[in-house]
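Same order as they appear, the protein sequences are chains A and B. Residues in the first sequence are numbered consecutively from 1, following full-length UniProt numbering. Residues in the second sequence are numbered consecutively from 1, following full-length UniProt numbering.
Take these hints with a grain of salt, some might be off.
[To be verified] Now the stretches of chain A that chain B is said to cover, found in silico as 3 or more residues with beta-carbon under 8 Å:
| id | region |
| --- | --- |
| 1 | 129-139 |
| 2 | 244-254 |
[Claimed, not checked] Keeping only pairs whose Cα atoms sit at most 27 Å apart, straight-line, the calculated DSSO-like set for lysine-lysine is:
| id | chain 1 | residue 1 | chain 2 | residue 2 |
| --- | --- | --- | --- | --- |
| 3 | A | K52 | B | K110 |
| 4 | A | K242 | B | K58 |
| 5 | B | K110 | A | K151 |
| 6 | B | K48 | A | K42 |
| 7 | B | K110 | A | K64 |
| 8 | B | K248 | A | K151 |
| 9 | A | K235 | B | K58 |
| 10 | A | K151 | B | K39 |
| 11 | A | K42 | B | K65 |
Just so you know, these hints were derived from the structure itself, not from any lab. Heads up, the beta-carbon is just placed ideally off N, CA and C, and yes, glycines get one too.
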Amino acid sequence: MKFLNDDERPVRRRRAQVISRRFDRIFTELHNIASFIGRFFKEVFLPPYEFKEIIRQCFEIGVKSLPLISLTGFIIGIVFMNQSRPSLAEFGATSWLPSLVSLAIVRALAPLVTALIGAGRIGSMIGAELGSMKVTEQIEAMEVSATNPFKFLVVSRVLATTFMIPALMMYTMLVALLGAFLNVNANEGTSFTTYFTQVFDAITFLDIFSSVIKSALFGFTIGVVGCYKGYHSSKGTEGVGKAANSSVVTAMFLVFIEELLSLQVITALRYL
Amino acid sequence: MKETQPVIDRSNCVINIRGLEKSFGDLDVLRGVDLDLYKGENLVVLGKSGTGKSVLIKIISGLLKPDTGTVNVLGQEVPKLKGRELDQLRLKIGFSFQNSALYDSMTIRKNLEFPLVRNRRDMTRGEVDRMVEVVLDAVGLSQTINQMPSELSGGQRKRIGIARTLILQPEIMLYDEPTAGLDPITCIDINNLINEVQSRFHTSSIIITHDLTCAKDVGDRVVMLLDGQFQRQGTFDEVFDTPDERVKLFHDYNFIN
Ligand SMILES: Nc1ncnc2c1ncn2[C@@H]1O[C@H](COP(=O)(O)OP(=O)(O)O)[C@@H](O)[C@H]1O
Ligand SMILES: [Mg+2]
Chain A
1 MKFLNDDERP VRRRRAQVIS RRFDRIFTEL HNIASFIGRF FKEVFLPPYE FKEIIRQCFE
61 IGVKSLPLIS LTGFIIGIVF MNQSRPSLAE FGATSWLPSL VSLAIVRALA PLVTALIGAG
121 RIGSMIGAEL GSMKVTEQIE AMEVSATNPF KFLVVSRVLA TTFMIPALMM YTMLVALLGA
181 FLNVNANEGT SFTTYFTQVF DAITFLDIFS SVIKSALFGF TIGVVGCYKG YHSSKGTEGV
241 GKAANSSVVT AMFLVFIEEL LSLQVITALR YL
Chain B
1 MKETQPVIDR SNCVINIRGL EKSFGDLDVL RGVDLDLYKG ENLVVLGKSG TGKSVLIKII
61 SGLLKPDTGT VNVLGQEVPK LKGRELDQLR LKIGFSFQNS ALYDSMTIRK NLEFPLVRNR
121 RDMTRGEVDR MVEVVLDAVG LSQTINQMPS ELSGGQRKRI GIARTLILQP EIMLYDEPTA
181 GLDPITCIDI NNLINEVQSR FHTSSIIITH DLTCAKDVGD RVVMLLDGQF QRQGTFDEVF
241 DTPDERVKLF HDYNFIN
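Bound-form chain B, shown alone:
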């Protein structure tokens, strides 16, 4: 459960998606997705693996192009952006990748300062170092600063990945399966971190997961992606209060495992 109640501004929609469709060859992955993310909110997107959850957030960050539909992020139409404009928008979006995507050839310090030294050329060495310390402290891993990513555990790598996205002080956070492949205790740590990021950095977040504990702990609102569309939405309990067999099955299967 969250320690502090989040401040959600329902009049301010930071991500607005309408009629989003995407297919790869014969495979229709997204078939008309509508989504609103409000300022300050943690929105959980649930779904089995292979339903297109990652595709959805890759479209939001402009890594993939949609076939049809509008994708409006912070007032800008993402599929129409190019070059510098897209880069400017991306600096406001933090993307935490499923397998952390830390740069293997760089130390933790270099990993963390990479987005900064490349995009904030006005910052001095001292300012960069201080920001690195702040985000490392926020994820509680100050002691790892000179280590290589390969020396860290899966949970630590996840945290560093989150720290690396926080360093640009994004307005929106996109988490791709933040707890996948972690043990239950570490999952709780990550869930707490996601909530802490929300309250401390005032971010609006989309959390992609198939882990119901995670959904319950971090989600202010939950939507369920089934057959390429959002089938259910509401609070966690509302979503699962349904006779729909597919939703029930998803729920039971998760808690048995």
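Next comes chain A alone, as it looks inside the complex:
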């Protein structure tokens, strides 16, 4: 057994303290997020329902993301098709391009790209908006005028992201497939019908269904993280910036984790 000498001991203890404090913080944060989600599920089913606000948020979150999503989806379709071509050409298998690309787009690219753009645009928007409302006491103002701010602000936004990210994902899917078609049409002269017949032969109902469910999970994550960070942002204007920033970082991180986990689940389902 080794004994610590006198000046070594306090350093070790201090390091242990720092680490344990950091763990404390992480677990407190996790606990807070869990109870935030718990509160969401409690309040989402209780009247009054904020239909008008939900619709307004769907518009803000969904419709206003369309330009960015359209551009990104389209370019991804073109680029992915272009980059896949040389490898298949080596085997003289360029006729497989539509099947390959459609699988990649439907199973992985469309959900992931939509979620990442959503985390960037929508996550930061929600984080900053709720953060500034918190800092300038607008949330408390709502509470004293007998409106439940959690329901009005949080529930409506989380529902909107949960519905809109899957919808946007389907749209990204279409646009990306269209972009890929333009590329394959220009290079291989594949016709529209041939292309889409091949695409729909390659993908199954499970592919689309699992992408939709996955996207709903991504949307829920983006909404919850943005709202949580904004709702609990610290006082002062730098609190707003921090809320927006950490909304994006945390949401993206979680999206990747969820992507990995859902990959396992979906693969297991596929070979059931």
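Following the hints, position chain B with the ligands against chain A.
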């Protein structure tokens, strides 16, 4: 000075607080506050920043829970209220926030009608519009109705914030630092508005401030919050007629600035 003498009913206590204590972690903010607010009265709470003035009125409106003590507002024990009961009481309390707390994403009209359309679902569109006009007129800002909060000056935002609380015709008004961050002329305007609200809407008010001009102009009674307790109370002159160094310092510091 007030144009009309306020009608104060000293037999009717709308807010009654006894032994109120509140701390955040190791920080003891309120250490046994006793307070009575009489009907029709403007009570000024003076204190340096960070002494817990905002905490006090947030406890009164149920935004924060006290550690110990009783907080009785309009006959109801606030910390014990929940859900609908608390909401019902809150409709009778107007809260004017320190930085106005106007909803940035809504026009002035939407800001003003927000408390109404959410709580008075029986009112028609026309009735709501008329109430909006009445309170906007009361604060003298009818022309701003379609503007966004970001287009207004600090003083205008304060007025709209006050108008938004008036729209529910509250019995009690809580003003958190109504003149903080405003120029002296605008301060006088706000002080006059507070007095006008008192005489026109017959409200009982607590005005939180560290601005002595404001305290002198609007207060029927002044109390001073020092070290978590009310140390002095009375009229403005009575409060400052004391050998207590801390009170003197507060007075001198204010008027030098
Ligand atoms: N929700 C809270 N959590 C922790 N500390 C708080 C909270 N609200 C206020 N405080 C602390 O209580 C003290 C009094 O705050 P406040 O009532 O806002 O002061 P003021 O008299 O300037 O209005 C401050 O030190 C503040 O940091
Ligand atoms: Mg304050």
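Status of the hints after comparison with the structure:
1. 129-139: holds (count 6)
2. 244-254: violated (count 0)
3. K52(A) - K110(B): Holds, at roughly 14 Å.
4. K242(A) - K58(B): It holds: about 26 Å lies between the C-alpha atoms, which stays within 27 Å.
5. K110(B) - K151(A): holds, 19 Å
6. K48(B) - K42(A): Given that 27 Å is the threshold and the Cα spacing comes to 41 Å, the pair is violated.
7. K110(B) - K64(A): Cα-Cα ~22 Å, so holds.
8. K248(B) - K151(A): Distance of about 48 Å is beyond 27 Å: violated.
9. K235(A) - K58(B): OK: K235(A) and K58(B) at ~16 Å, within 27 Å.
10. K151(A) - K39(B): Between K151(A) and K39(B) the Cα gap is close to 35 Å, so the pair fails against 27 Å, i.e. violated.
11. K42(A) - K65(B): holds, 22 Å
Going through the hint list in order, the structure does not satisfy hints 2, 6, 8, 10.
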